[in-house]
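Protein sequence lines, in the order shown, are assigned to chains W and F. Mapping of the first sequence onto UniProt numbering: residues 1 to 341, in sequence order. Mapping of the second sequence onto UniProt numbering: residues 1 to 341, in sequence order.
Heads up, some of the hints might be wrong.
Said to hold, decoys possible - Taking CB as the label site, the calculated pair distances span:
{"no.": "1", "chain 1": "F", "residue 1": "Gly302", "chain 2": "W", "residue 2": "Ala17", "range": "57 to 65 Å"}
{"no.": "2", "chain 1": "F", "residue 1": "Ala257", "chain 2": "W", "residue 2": "Gln289", "range": "52 to 60 Å"}
{"no.": "3", "chain 1": "F", "residue 1": "Met300", "chain 2": "W", "residue 2": "Gly219", "range": "53 to 61 Å"}
{"no.": "4", "chain 1": "F", "residue 1": "Glu326", "chain 2": "W", "residue 2": "Lys149", "range": "40 to 48 Å"}
{"no.": "5", "chain 1": "W", "residue 1": "Ala185", "chain 2": "F", "residue 2": "Glu326", "range": "52 to 60 Å"}
{"no.": "6", "chain 1": "W", "residue 1": "Gly219", "chain 2": "F", "residue 2": "Ala37", "range": "54 to 62 Å"}
{"no.": "7", "chain 1": "F", "residue 1": "Ser36", "chain 2": "W", "residue 2": "Gly151", "range": "36 to 44 Å"}
{"no.": "8", "chain 1": "W", "residue 1": "Gly70", "chain 2": "F", "residue 2": "Ala257", "range": "47 to 55 Å"}
{"no.": "9", "chain 1": "W", "residue 1": "Glu326", "chain 2": "F", "residue 2": "Glu326", "range": "33 to 41 Å"}
What the hints contain is simulated information worked out from the structure, not anything from laboratory work. Source: prediction; values computed, not measured. For each residue, glycine too, the CB sits at the ideal point set by N, CA and C.
Protein chains: 2
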Amino acid sequence: MHNINRQWVLKTRPAGAVSTANFERVEAPMPDPDLSAGQVLVKTLMLGFDPAMRGWMADEPSYLPPVAIGEPMRASGIGQIIKSQNADLPEGTLVQGLPGWQEYSIGDPAGAIPPVALPEGTPPNLALSVFGATSLTAYFGLLDIGQPKAGDTVLVSGAAGATGSVVAQIAKLKDCRVIGIAGGAEKCGWLENTCRLDAVIDYKRENIQQRIGELCPEGVNVFFDNVGGATLEAGIEHMTDFGRIVLCGAISQYNDAEPSPGPRNLMYLVSRRIRMQGFIMLDYLDRTQEAIDAITGWVMAGELAWREDIQNGFDHIPTTLLRLFEGTNSGKQLLKLADPQ
Amino acid sequence: MHNINRQWVLKTRPAGAVSTANFERVEAPMPDPDLSAGQVLVKTLMLGFDPAMRGWMADEPSYLPPVAIGEPMRASGIGQIIKSQNADLPEGTLVQGLPGWQEYSIGDPAGAIPPVALPEGTPPNLALSVFGATSLTAYFGLLDIGQPKAGDTVLVSGAAGATGSVVAQIAKLKDCRVIGIAGGAEKCGWLENTCRLDAVIDYKRENIQQRIGELCPEGVNVFFDNVGGATLEAGIEHMTDFGRIVLCGAISQYNDAEPSPGPRNLMYLVSRRIRMQGFIMLDYLDRTQEAIDAITGWVMAGELAWREDIQNGFDHIPTTLLRLFEGTNSGKQLLKLADPQ
Numbered sequence: 001m002h003n004i005n006r007q008w009v010l011k012t013r014p015a016g017a018v019s020t021a022n023f024e025r026v027e028a029p030m031p032d033p034d035l036s037a038g039q040v041l042v043k044t045l046m047l048g049f050d051p052a053m054r055g056w057m058a059d060e061p062s063y064l065p066p067v068a069i070g071e072p073m074r075a076s077g078i079g080q081i082i083k084s085q086n087a088d089l090p091e092g093t094l095v096q097g098l099p100g101w102q103e104y105s106i107g108d109p110a111g112a113i114p115p116v117a118l119p120e121g122t123p124p125n126l127a128l129s130v131f132g133a134t135s136l137t138a139y140f141g142l143l144d145i146g147q148p149k150a151g152d153t154v155l156v157s158g159a160a161g162a163t164g165s166v167v168a169q170i171a172k173l174k175d176c177r178v179i180g181i182a183g184g185a186e187k188c189g190w191l192e193n194t195c196r197l198d199a200v201i202d203y204k205r206e207n208i209q210q211r212i213g214e215l216c217p218e219g220v221n222v223f224f225d226n227v228g229g230a231t232l233e234a235g236i237e238h239m240t241d242f243g244r245i246v247l248c249g250a251i252s253q254y255n256d257a258e259p260s261p262g263p264r265n266l267m268y269l270v271s272r273r274i275r276m277q278g279f280i281m282l283d284y285l286d287r288t289q290e291a292i293d294a295i296t297g298w299v300m301a302g303e304l305a306w307r308e309d310i311q312n313g314f315d316h317i318p319t320t321l322l323r324l325f326e327g328t329n330s331g332k333q334l335l336k337l338a339d340p341q
Numbered sequence: 001m002h003n004i005n006r007q008w009v010l011k012t013r014p015a016g017a018v019s020t021a022n023f024e025r026v027e028a029p030m031p032d033p034d035l036s037a038g039q040v041l042v043k044t045l046m047l048g049f050d051p052a053m054r055g056w057m058a059d060e061p062s063y064l065p066p067v068a069i070g071e072p073m074r075a076s077g078i079g080q081i082i083k084s085q086n087a088d089l090p091e092g093t094l095v096q097g098l099p100g101w102q103e104y105s106i107g108d109p110a111g112a113i114p115p116v117a118l119p120e121g122t123p124p125n126l127a128l129s130v131f132g133a134t135s136l137t138a139y140f141g142l143l144d145i146g147q148p149k150a151g152d153t154v155l156v157s158g159a160a161g162a163t164g165s166v167v168a169q170i171a172k173l174k175d176c177r178v179i180g181i182a183g184g185a186e187k188c189g190w191l192e193n194t195c196r197l198d199a200v201i202d203y204k205r206e207n208i209q210q211r212i213g214e215l216c217p218e219g220v221n222v223f224f225d226n227v228g229g230a231t232l233e234a235g236i237e238h239m240t241d242f243g244r245i246v247l248c249g250a251i252s253q254y255n256d257a258e259p260s261p262g263p264r265n266l267m268y269l270v271s272r273r274i275r276m277q278g279f280i281m282l283d284y285l286d287r288t289q290e291a292i293d294a295i296t297g298w299v300m301a302g303e304l305a306w307r308e309d310i311q312n313g314f315d316h317i318p319t320t321l322l323r324l325f326e327g328t329n330s331g332k333q334l335l336k337l338a339d340p341q
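Work out the full structure, taking the sequences as your base and the hints as a guide.
So this is what it looks like as structure tokens:
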């Protein structure tokens, strides 16, 4: 075993756009091998990347505490247990959790977000992509907050993303008419042809607000928004009476140095009796199995498409995060550090 | 009977602030005395004024159609039936409805918002103030949309208004801690001393956002917002996890020539899982009796205070509307045209 634990730690908080200069590569000592009862030593195999990570870098209390300066960047991932003081998680077990941007971490089942064993035979990439947090976010956000009914028109922004693409497809499976918003012909084509959306708006070359109006002449019943800003405003403009807006994120704004103004048309929330509601997947942890069972069924039936963008190597961790904000990723952004032993 | 029906009709749509120049005084002929079966001829006795009337003047589809140019301005009011083809509404009956800014109107019980007989003995002013639409708005908006629990902190903007003051007092009756926002020492004093709010912020001399933080160190569970704009943003800043924002109106913005930017901190709706929801009292018409019964109980027990600002005379109708936007009214804005016969 090495006695070095390579890490990317948070060096500075981004004032605007996150950059590689916000992180520093350090060589820390291996975590203390004297594990407490219940603890496990985990070798990181694969990391997942999500726009929400930008929020964790801000020095502001939120649903998780800010990542401290000098600490490894918080990140979801898959690891393998290489030392265990926990009979339920023996050496060799693959686990999912928040290993962070480091090669080794100590997992504590008594922690707030403990490492969880992967079901036997689940490949690490699938555990982070179609069976990962983004799919659970899609499932609970759409169904619990959006409450789509058969025949509803559902609008999804960030539709080619890991969350958005699953939202759009679950909405189709629930017999809704689904319009996606994504950037570029390749992503739009994948959504139309593979994910079978009813229509897709390419925000890079179309006027979003005008196109929503053309494609949804009777209005939008459910708007699942990952983007915020002008996209949110465009969606509000076309909501039906009693429409539901699911606020999942606002990737257009995460890198703003100063907060951007909100939508100018919030008065429609009154006149059209619209509910706009945010949510966090962590609140649904006790219902994870329900979502995994449903997603497994759709995957096995070939009814749920997904894509993964797998980068490689410790050196490329920070640049891989930036891909999300550049929109250069195609599908769930992952990075592989090591193979299971 | 006269054969002239004086009216104030909508002459032009306001581009920004509503002004008296948007209305024209006309002398129309009396409504056709040949009533159809079911119809009644109503003499207007008293008019009610509400900020929502500004929205009805805009040429934009909403929960009610825009008032047409050349038509009497839409307004709630109390009238007396002076001719009837309706056995349920005999001559002499006092009715509540939407008579508009005119001395006489035809009421049609088959219409969307039909005239409704006042309970025997209800004074017209009370029917429009504490038993009026603003109180029903307060009742359903707070209880159904806001869902306050005993011990919650409830923030109310426009707290000295006809709706806000009833919201604040119902919240107190539901064992909540209630903070109001109002303009000027007189209104703030009335809210503290007569309505028994826990604290009141005077937006004319205090920093709203800072004061909410000081007065609500554990955050705001329910925010009933009548004001919008910077007030809405200040409230969002201090919402608790799972807080509810009841959007009732946005009087700060009704007179904007161009739509104002929305709150810059909508991302808190995600991280704090906040629900922000608009509503319209008209959706609750089938539950009117429930609200009236509750309000009657509180009024009879001396637990609900209210104020009326009664102007007089046909000539002063347009200037009376402006009082709402100037904030010069104290309590429910009314105007008396005639006494019942």
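For each hint, the structure was consulted:
Checked against the given bound of 57 to 65 Å, the beta carbons of Gly302 (chain F) and Ala17 (chain W), roughly 60 Å apart, stay inside it. Against the hinted window of 52 to 60 Å, the Cβ-Cβ separation of Ala257 (chain F) and Gln289 (chain W) comes to about 54 Å, which satisfies the hint. Distance hint check: the CB atoms of Met300 (chain F) and Gly219 (chain W) are about 44 Å apart, inconsistent with the given range 53 to 61 Å. For Glu326 (chain F) paired with Lys149 (chain W), a C-beta distance near 45 Å keeps the hint of 40 to 48 Å intact.
Separated by about 54 Å at the C-beta atoms, Ala185 (chain W) and Glu326 (chain F) satisfy the suggested range of 52 to 60 Å. Roughly 37 Å separates the CB atoms of Gly219 (chain W) and Ala37 (chain F), a value that falls outside the hinted 54 to 62 Å. The hinted range of 36 to 44 Å is satisfied by Ser36 (chain F) and Gly151 (chain W), whose Cβ atoms lie roughly 39 Å apart. For Gly70 (chain W) paired with Ala257 (chain F), a C-beta distance near 51 Å keeps the hint of 47 to 55 Å intact.
The hinted range of 33 to 41 Å is not satisfied by Glu326 (chain W) and Glu326 (chain F), whose Cβ atoms lie roughly 50 Å apart.
In the structure shown, a violation is registered for the earlier hints numbered 3, 6 and 9, in ascending order.
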